[in-house]
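Q: Since the structure of chain G is provided, determine the placement of chain W on it from the hints.
Those protein sequences? They're chains G and W, same order as listed. Once you know that position 99 of the first sequence is 98 in numbering that gives the first Met the number 0, the rest is easy, because the numbers rise by one and skip nothing. Once you know that position 50 of the second sequence is 49 in numbering that gives the first Met the number 0, the rest is easy, because the numbers rise by one and skip nothing.
Honestly, the hints are just simulated from the structure, not real lab data. Ideal Cβ positions, reconstructed from N, Cα and C, are used throughout, including at glycine.
Here are the simulated distance ranges between beta carbons:
hint	chain 1	residue 1	chain 2	residue 2	range
1	G	Arg254	W	Val103	26 to 34 Å
2	G	Leu84	W	Leu16	19 to 27 Å
3	G	Arg254	W	Gly73	46 to 54 Å
4	W	Asp63	G	Glu126	31 to 39 Å
5	G	Gly74	W	Gln15	23 to 31 Å
6	W	Arg72	G	Gln114	23 to 31 Å
7	G	Glu177	W	Leu16	28 to 36 Å
8	W	Arg4	G	Lys46	49 to 57 Å
9	W	Asp120	G	Ser133	26 to 34 Å
10	G	Thr116	W	Glu116	28 to 36 Å
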Amino acid sequence: MTRLDATMNSLALLANATPEMRIELLESRLSEALAEIAELRARDALKTQFLANISHDLRTPLTAVITHAEILRDGILGDLTPRQLESVRGIISGGRQLLTQVGEILTYARGAANQLTLVNSRFAIREVLEQVSSLNQSLLKKKRLTLWVEADPELPRVTADREKITHVVGNLIGNAIEFTPAGGRVWLRATRAQNEPVEAILVEVGDSGVGIAPEHHDLIFREFAQVDSTPSRPHHGTGLGLTIARKLVELHGGRIWLESQLGTGSRFFFTVPVEQPE
Amino acid sequence: MPASRPSHILIVEDNQLVIDALTIVFDASGRRVVGARSIAEALAMTDTDPAALVLLDLGLPDGDGLSLIGPLRGAGCMVVALTGDDDPGKRQRCLDAGCLDVLVKPVAVKKLMSLAEQWIDRRPD
Chain G
0 MTRLDATMNS LALLANATPE MRIELLESRL SEALAEIAEL RARDALKTQF LANISHDLRT
60 PLTAVITHAE ILRDGILGDL TPRQLESVRG IISGGRQLLT QVGEILTYAR GAANQLTLVN
120 SRFAIREVLE QVSSLNQSLL KKKRLTLWVE ADPELPRVTA DREKITHVVG NLIGNAIEFT
180 PAGGRVWLRA TRAQNEPVEA ILVEVGDSGV GIAPEHHDLI FREFAQVDST PSRPHHGTGL
240 GLTIARKLVE LHGGRIWLES QLGTGSRFFF TVPVEQPE
Chain W
0 MPASRPSHIL IVEDNQLVID ALTIVFDASG RRVVGARSIA EALAMTDTDP AALVLLDLGL
60 PDGDGLSLIG PLRGAGCMVV ALTGDDDPGK RQRCLDAGCL DVLVKPVAVK KLMSLAEQWI
120 DRRPD
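Here chain G stands alone, though its shape is the one from the complex (with noise of 0.2 Å):
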């Protein structure tokens, strides 16, 4: 029988039935309705761990290939010809491109199961933007693109975990950089944060590209989301970015946010409190 069908007579009993079969009927629908959920949130928890599992594993014959890749190309059992030493940097960088998104996945399937927690220490936003602008460059000159990095020299440090701070900044930039296209503006700012309930840190990440249609705006914070997800996007990615990144931004007590239409470019803009919670 499947669950409509048992609703359906359950709706017909409903409509002969007492006051107190009513009731019973109603209560006993309700514990198994509970019993499911609990069972699917097992179940859910059980995908998740595995995920984490699966992607760890994954890391270590992808280690080997990459280390066996650089033995070749750092001349180590003797020299290659200029081709085959660019046929060994394909091999390296489609190695490091698919550990990258293997550190994706394990990232997103710990802060799904709440394994995430901060490593804090007293830091400047401006630095960690400096970092992730020199870090971006050839990126950038690559594209075309021009970026500004602007904060004020006099903004309070933040007691945060530094590296999360700096995976969600270097995320951000790195759509804003694919996203936008040649010869175009991507730009970093750090401000005091206005009507927070806390003192707060607001980091804006904004380009001048090809923007996102305001009913995507919550799609794209969701996991696994793209917004064109058809094999043949031009745009690739474990669509985990923006999940992390929201992830990050809440574990350390922050919110993030978009404000873009589309052809006008984006401004993403998160906040990280001064102080952590003791």
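A: Using the frame of chain G, we list chain W on its own:
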């Protein structure tokens, strides 16, 4: 320096492909390399022939590599953890247990070669 002072490297890692790759790397710098694929194997090797430097993977088939750090340090080996992921909590636990450093795999081979030589050269008498 006494002639018997160990100068070889022990790689504790459950994946043979990774042991093979690292063996090629250290062979090139003239170091003797041995591989162990479990905690038990690593302990047995350390008993008979302790290494100067141990590169230690943490996820081993018979337990957590963290538990090896104490016995290896006790046998006079320098220990560097090579981990598959950059979990900062794990990093701190390795350092607390006596690791010289914690590196996230894959480490660029040239960097690993030069780091290993530095560690072995600078070990305390």
